[in-house]
Amino acid sequence: MEGTRLVLSPSPHVRDEDTTQKIMLTVAAALVPVWAAATYFFGFDSIRLVVASALAAMGSEALFLALRRKPITISDGSALVTGMLLGLSLPPSLPTWMAVFGAFVAIVVGKQVFGGLGYNPFNPALVGRAVLVASFATQMTTWTAPFTDAVTQATPLVSGTAGYSELFFGTVPGSLGETSALAILLGGIILFYRGVLDYRIPVGFIGTVVVFSLLFGQDVVYQLLGGSLLFGAVFMATDMVTSPITPVGRWVFGIGCGLILVVIRFWGSLPEGLTYSILLMNALTPLINRWTRPRIYGRGVKDA
Amino acid sequence: MKIRNFRGGVHPEYNKHFTSDKPIKVLPAPKQVVIPLTQHTGAAAEPTVAKGDAVLLGQEIGKASHAVSASVHSSVSGTVVAVEPRPAINGRSVLSVVIDNDGRDAAESMSGHHDPIQLSAEEIKSRVEAAGIVGLGGAAFPTSVKLNPPEDYKIEYLLLNGSECEPYLTADQRIMEEHTEDVILGAKLLAKAVGADKIVIAVEANKPEAIKKLQALAGSHQIEVVALAIKYPAGGEKQLIKAVLGREVPSHGLPSQIGVLVQNVQTAWATAVACRTGKPLIERVLTVSGDGIKEPSNFLVRVGTPFKDVIEAAGGFVGEPGKVIAGGPMMGLAQFDLDVPVVKGVSGILVLSNKMVKQYEPLPCIKCARCVDVCPVYLMPVRIELYAMNGMWDHAEDYGAMDCIECGCCTYICPSKRELLDWIRVAKTEIVEAQRRQTS
Ligand code: SF4
Ligand code: SF4
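First to last, the sequence lines map onto chains A and B. Just so you know, we're using my numbering here: the first sequence kicks off at 1 and counts up by one. Just so you know, we're using my numbering here: the second sequence kicks off at 1 and counts up by one.
It is worth saying that the hints were derived from the structure and are not from the lab. A few of these clues could be false.
[Unchecked claim] PhoX-like mimics (lysine-lysine), calculated; alpha carbons at most 25 Å apart, straight line:
1) 70/A with 417/B
2) 125/B with 51/B
3) 31/B with 308/B
4) 25/B with 294/B
5) 198/B with 213/B
6) 22/A with 358/B
7) 31/B with 294/B
8) 22/A with 417/B
9) 22/A with 355/B
10) 22/B with 212/B
11) 154/B with 198/B
12) 51/B with 63/B
[Stated by the list, open to error] Partial pick of chain B residues on the chain A-facing surface, computed with a CB cut under 8 Å:
13) 248
14) 249
15) 318
16) 319
17) 323
18) 325
19) 332
20) 352
21) 358
22) 360
23) 362
24) 365
25) 377
26) 403
27) 411
28) 417
Note that CB positions come from ideal geometry on N, CA and C, so glycine has one too.
Just chain B, same shape as in the assembly:
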């Protein structure tokens, strides 16, 4: 099988062996869920329930409020005890619906379709929208928005992202292996929704079992399964498109401009489930792993479950935890409050022991050029860092700061342990701020 590669990227320790052979376990719903109304990129959903209301499993509790937004549903049945700001994984307080679980899982009546592939493109889109589906790879961009690209672009390819290149994470791998049929069905539904006639499923070559199973089922459906180089960030949207199709997304543009729609495999699975059963997105599969966790696992978790419940279900900590991360080690968000709830975009909970959490003193740059060599969008991170440190925002922009995908490869590789990405983020904030000032 030909391995699809791209330029740049790094080879961190993948550490997937902790959980790659652990079947997905269903985590029981907690006594209380906290469901933020912003779990996605875009505008917050507007609450449709108030304190004291009784809610059913799957009932809409937040309505998509804007062109770029996604609705939110209750993951349990019970009573709303509060609609108030609560801490979320991004470190901020986010308006959330707090629900006491009555333990009955009394569900709202859901209308599925016994053979969803018969659904029209419009029906698929409206079901995806109604189910509040967002990109489950981590970015949590509302899927219904992606399914409605600007009219003048014809989508040719649906590219299903099964690379899961973040170290430790194995949720997508398990889904491809355990729910192969639904992944394929989801791919076909998503392709139909946008009128794409070609489907390519791209999987990192370190998941041979998933590739085999997908291939076995794909054969009859004109779906191509390809193997990707084992390298981070093979699953970055731009890198994936370049590796598989040899095309580049225009700078500051969208994949739809070059005829491509990229969706994550778990998103495809959620789409299949939503179309077949009518069940909205109220749970997801995530990996709990790291050297600081007793029993690394893959769990199916209800949205709104506190991190600490998930960690407890995985046997708790081994010794003192050094860092708890929502997501993977390359792009995840460090947490300090373990009451924060799991949301749609949480692909993993990673616990690193104190030993793994090193603090570095940045040393002078020795111009080794490794940051330049690994940047998967071909930037010169060291230059942007330099300009950012000196407040030279124009230069930082000229060197492509806004094209940075914040993959972290540059900081990862730097032998002088410089905080390259931190400075690039500063530059991006300043550049956006300056543009806002100019237009207002």
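Okay, chain A solo, but in the shape it has when bound:
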């Protein structure tokens, strides 16, 4: 009966199995159906861009951490997720080096300068994408139709020439990962069942767009499926690090994203607006957290 080697640590003495790494790898896994659909529609371009972007993201992270003499933490999977998200948000015809550049910006400017995982205020993939759009406006808005190399200048959201079922399955021009609603929904279901996705954000986001499309006489299906809304609402806006941590805050965040998107799409000079809607709400996240603190149990109740 030796007692001396017993571990003494405070309660709780058991922990949930989930880890940061498992969460990140779940997101990566949920992106696989989307990537598979993109590869089916756009062929090798999908593999080329997503692999380049993911490798560049992980490489930039490792390089930056090594330069700052910090432990290399790319095994946490967060750089992989950022790289995949960025890659899937790019147009199929984009040159590889631009994807690499975007991933580098995403990791270094979007994440590491703020202190790395958990400290970045903005979704890194969207930071990378925003810089690419600003730097290479033409290439970032040149689309190809699926199964061909035919170049077009417009996604269905702008051209308005696609059947509803094409929009659902994804046989339309657009960024790699955003065209197939079916694949995105599949990914969303994976996230939801693994407890990685809070339904409030996508529901608030998409719901707001639907309501305003109806109010302003827009084609709801086009607004929903014709651009990058679905992909953004399921995979980008739900990024844990950059969205609020209170239940009410997540509603506010989702609805806010929807409102900004609607304003940009209906009245702005940009055709899309997804990137900016989410980035703007990212900026408001600390405030939203402060404004939506949950009521503590037993506060504001009267004695019997």
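With the hints as your guide, set chain B with the ligands onto chain A.
Chain B with the ligands only, in chain A's frame:
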């Protein structure tokens, strides 16, 4: 049956199958007992015996010393060999009475009542006080104090807590199944003591046998038996009240303010025994379990029995033990000295193997909000942790640090394995310290 639920909480592996079908076994009294004079929340009892004294089973050896205190009785007959500080489960030295057992169990004359429900409220209260009964769910708050709420609050409900939501523990379940009648009697006595006219017994839905037996006996007594969601901490006092009655205990307030008295089922059993037989609280039922123990069991153990005797009675360790815990895995206290004695508040002894005892390196918070979602008092643990790490005690208090019930759900769930509760405890200590400085 409607399942009563509450917001927040977690689903750890319950692992109750180790012992849920093991009947309560009586553990023989040890050769020597060490009985701490502080086994409860509140002031220590004052010793009424000295070295060399002969004591009888059930004799008072420590007298309640203060408004919040509980008396302590000998769990064996024999001779006092020392009254001195001894290590206790809280890791400190506590003044204790050490008694050599003469093996005769010569008992002090005890006066019971053949039909205790005839006792008046005052008589019940004085018997509970004389028997040194404390909350047996783990917190060990003196029951007699709870039975005397401030005058201006009318107690409407007695809520009997049979949730036993801590993983591994099955002592309360066995008591509900094996001593159903006494549990019901105890509930009625406690309700009578405070003048409550409604009794609700709440049991987690994973104990259907206990629910069935309680219901079978409750029917005739206007006692309601309800099923609780299978979720930790369903048995937390505040969560239980919210789930069953839909009421909230005011922040920093007491359940009596909203007309509720909560008691644990084992406390009710002890109350029934004390009123019927006059026997004070000198033994309790606890669960010995975990993957590090050979024969997980439910034992009736005399207060003062060393942990190591209880572990031996359960077949000893399997391999190297990693951790020995007094209580359950969510709120229990890790032990290093296995000579510490079982006290009234020990609901279980849990032995986790080395394999189960993992040490984690905290990673950066990824703002997943799981800690916020699981907090059963609706705090933002991650914020309080942040403020505590930065010494911003005012902010920590503003975010409700003092409302934390230390259930451990936040630390349990955090995927980044952050020590949220540890930091919240630091904040609570600092806030109390600052308040003391201010008032003095
Ligand atoms: S559970 Fe852990 S990682 Fe998630 S928000 Fe809370 S502290 Fe951060
Ligand atoms: S903050 Fe306190 S009450 Fe909330 S989950 Fe953590 S330990 Fe439990």
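State the violated hints by number, sorted upward, taking the hints as numbered earlier in the document.
Numbers 2, 15, 16 and 23, in rising order.
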